[in-house]
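J.: Take a look at the letters that make up each chain.
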Amino acid sequence: MTLIQLTGVNKHFGDYHALRDIDLEIQQGEFFSLLGPSGCGKTTLLRTIAGFEDVGTGAIRIDGRDMKGVGPNLRPTNMVFQSYAIFPHLSVAENVGFGLRRADMTREEKTRAVGQALEMVGLGGYGARAANALSGGQRQRVALARALILEPKVLLLDEPLSALDKKIREQMQVELIKLQREVGITFILVTHDQEEALVMSDRIAVMFDGGIGQMDDPETLYRRPKSKRVAEFIGMMNFLDGEVTQTGARIEVKVQGLGRCTVESEQAPGGVAPGPVGIGIRPETLSLLFEGETTTRKQVDAVVDEVVYYGDMTYYDMRVAGIDKPLTLSMKNLIGRPVLDVGTETRVAWDERSLVLLGR
Amino acid sequence: MFRKRLTDSGRRGLILVSPPFLYGVLLLAVPLATVLLFSFWTQDYLTIDTSFTFANYSEALADPLYMQLLRGSLLIAGAVTVATVLLAFPIAYFVSFHVQPSRKSLWLFLITIPFWTSYLIRVFLWKVILGYNGVLNSSLTGLGLIDEPLSFILYNANAVVITLAHAFAPFAILPIFVALEKIDRSLLEASLDLGETRLTTFLRVTLPLAMPGVVAAVLIVFIPTIGDYVTPRLVGGPDGLMIANMIQTQFLKLNNAPMGATLAILAMLSVTAVSLAFIWLNRRWLRGPR
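In order, the protein sequence lines correspond to chains A and B. No gaps in the numbering here: position 284 of the first sequence is 284 in the numbering used here, and each next residue is one more. No gaps in the numbering here: position 49 of the second sequence is 49 in the numbering used here, and each next residue is one more.
Please keep in mind that the hints were generated in silico from the structure rather than gathered at the bench. No residue lacks a Cβ here, since even glycine has one placed at the ideal position from N, Cα and C. Incorrect hints may appear among the rest.
Facing chain A, according to a computed beta carbon distance under 7 Å, are these residues of chain B, among others [as the list claims (entries may be wrong)]:
1) Asp49
2) Gln68
3) Asp193
Only part of the chain A face toward chain B is listed, based on derived beta-carbon distances under 8 Å [stated by the list, open to error]:
4) Gly69
5) Asn73
6) His89
7) Gly211
8) Gly235
9) Asn238
10) Phe239
Only chain A is shown next, with the shape it has when bound in the complex (with noise of 0.2 Å):
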């Protein structure tokens, strides 16, 4: 079922077009986030969500009604901001009561939710505590309480990790994660972390400059990038120009020190024509052979140019003959498997499948 519809938002602030035609409908219960670099729209858009900015022109509809003229205090929306906005002179239990003034229960059915809504984000016991004297992942939980005490229909989350250090940040992405499909709740999210959007999301709108670069599912964003912005803002990604000579349902590709490839249409997500294109390969996908080693995969010889190791992981870049810039591959370090230096000759395998053509 479709709980939220935006056909058409566009919003200028001034001169500046903050949204771009952005189209996009989001499912009950989904976790969609919205993935950008900073200045691409990605809070506006989750603030005309909420409320807080009007749409310029187009229209928001959630749960079939629309928005216009609704303010945040009506919407069945109900927000995480990112510097936890948690009141300074309430106590943990009264800013989770917050917005329960008005609710219709008794006194002691608002003191039962705030408990259990405590409970639910692993606060409990924590309600008297001040809200000054809490930690930032603390106060990221109480704020997430503060919220969902409501049952929003939709829960809009500002880059809530991101002031969070590492290890408290991966732990709180999987209590998220767990969390929404507990309360089942339609989640949205904003951030620029594309590790957070990949781990968290059934779906992600990546934004560049107010519009949709590119929505779909982690995996087929990270595997099938529409266009190299995508594919640069996405995890790692090698860039090699090569010219399409043949198209139909088997493309025909020259791509440049890998020679000639033949690729499935699906291999090129953001469609294709004859002539220039650019290529992308992920680290991943290409590996070194090491001594003695043979496989029955394509080939290329090259020298190693840097070795960056990473523990788990060492990444190499690669000179390849014909191509500018070193190739970057990443190697599982496993037991035997030893560290080149730089300067070693070797060869590189690669497969014509890790290919994606992608649009200008």
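Starting from the known structure of chain A, arrange chain B on it as the hints suggest.
T.: Frame of chain A, contents of chain B only:
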């Protein structure tokens, strides 16, 4: 080594604070102690009897004239405070919430303009405005709104309240403005998001968070107002006189410095009591980040 460094920085700190500290002792503590001392002495015609006694206090507390003056002064100071803060809050709110950030300093600067003229001149100006044939009365009669000049606006307590409220307005606006500026605007959005309207958001979030500024404004206006004697003398008339006028009279006209000192101490104690009571009533809003 740590201990040595600590004493070093301690010594440096002492050297740094000693000039203002000396200044404070000489100009604040010594005069205050002198006044306190005088209040326990008595005037014996031309000489001062320096034997320790509570006679002045029992006389002052028993005399209805002094007590009525003190009560009246507290009432006038209270009225001035209420009027000033009630007028200052909307101005501070407007500058903080509705003026573009780049214009705020300009607004604050404009608010201080009345201070460019001397306090005395401003008081005289109010005399001109509020007088029997003053600006206000002649405008109103000219417009035909009143037949006879209003007389309740000059030479009484009302005039004192109006004049002092104007004089102290910037002192009230600034602390309230600072408190409002410190409020994280996302808190107001959070309140709207949680279902409150603009009005209830103001009552549940903005006002409680602005209270430290309001309390500061109240104290800044109330404390000096009670000791003011220029304004009551010039625009107050007979019923607008305040305790400070009596203290001045005791010292300069009646040549009774000990009684003047006693009244000063009593006035100070009442201000302190009222201020502490006010702070205690508002203690809930004054808890800083814990």
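J.: If a hint holds in the structure, say so; if it does not, say that too.
T.: The hints, checked one at a time:
The restraint placing Asp49/B at the interface with chain A is violated, with a minimum CB-CB distance near 55 Å, outside the 7 Å limit. At about 41 Å, the closest approach between the beta carbon of Gln68/B and any beta carbon in chain A exceeds 7 Å, and the interface hint on this residue is violated. The beta carbon of Asp193/B is positioned within 7 Å of a beta carbon in chain A (closest approach about 5 Å), and the interface hint is therefore held. Interface restraint check: Gly69/A against chain B, minimum CB-CB distance 15 Å, threshold 8 Å, status violated.
A cut of 8 Å between beta carbons decides the hint on Asn73/A: the least distance to chain B is about 5 Å, and the hint holds. Because the smallest distance between the Cβ of His89/A and any Cβ of chain B comes to about 5 Å, under 8 Å, the interface hint for this residue holds. Interface hint at Gly211/A: violated, since its Cβ lies 25 Å from the closest Cβ of chain B, which is beyond the 8 Å cut-off. Because the smallest distance between the Cβ of Gly235/A and any Cβ of chain B comes to about 32 Å, over 8 Å, the interface hint for this residue is violated.
For Asn238/A, the interface hint is violated, since its Cβ never comes within 8 Å of a Cβ in chain B; the closest pair sits about 41 Å apart. The criterion of a C-beta within 8 Å of any C-beta in chain B is not met by Phe239/A, whose closest approach is roughly 40 Å, and the hint is violated.
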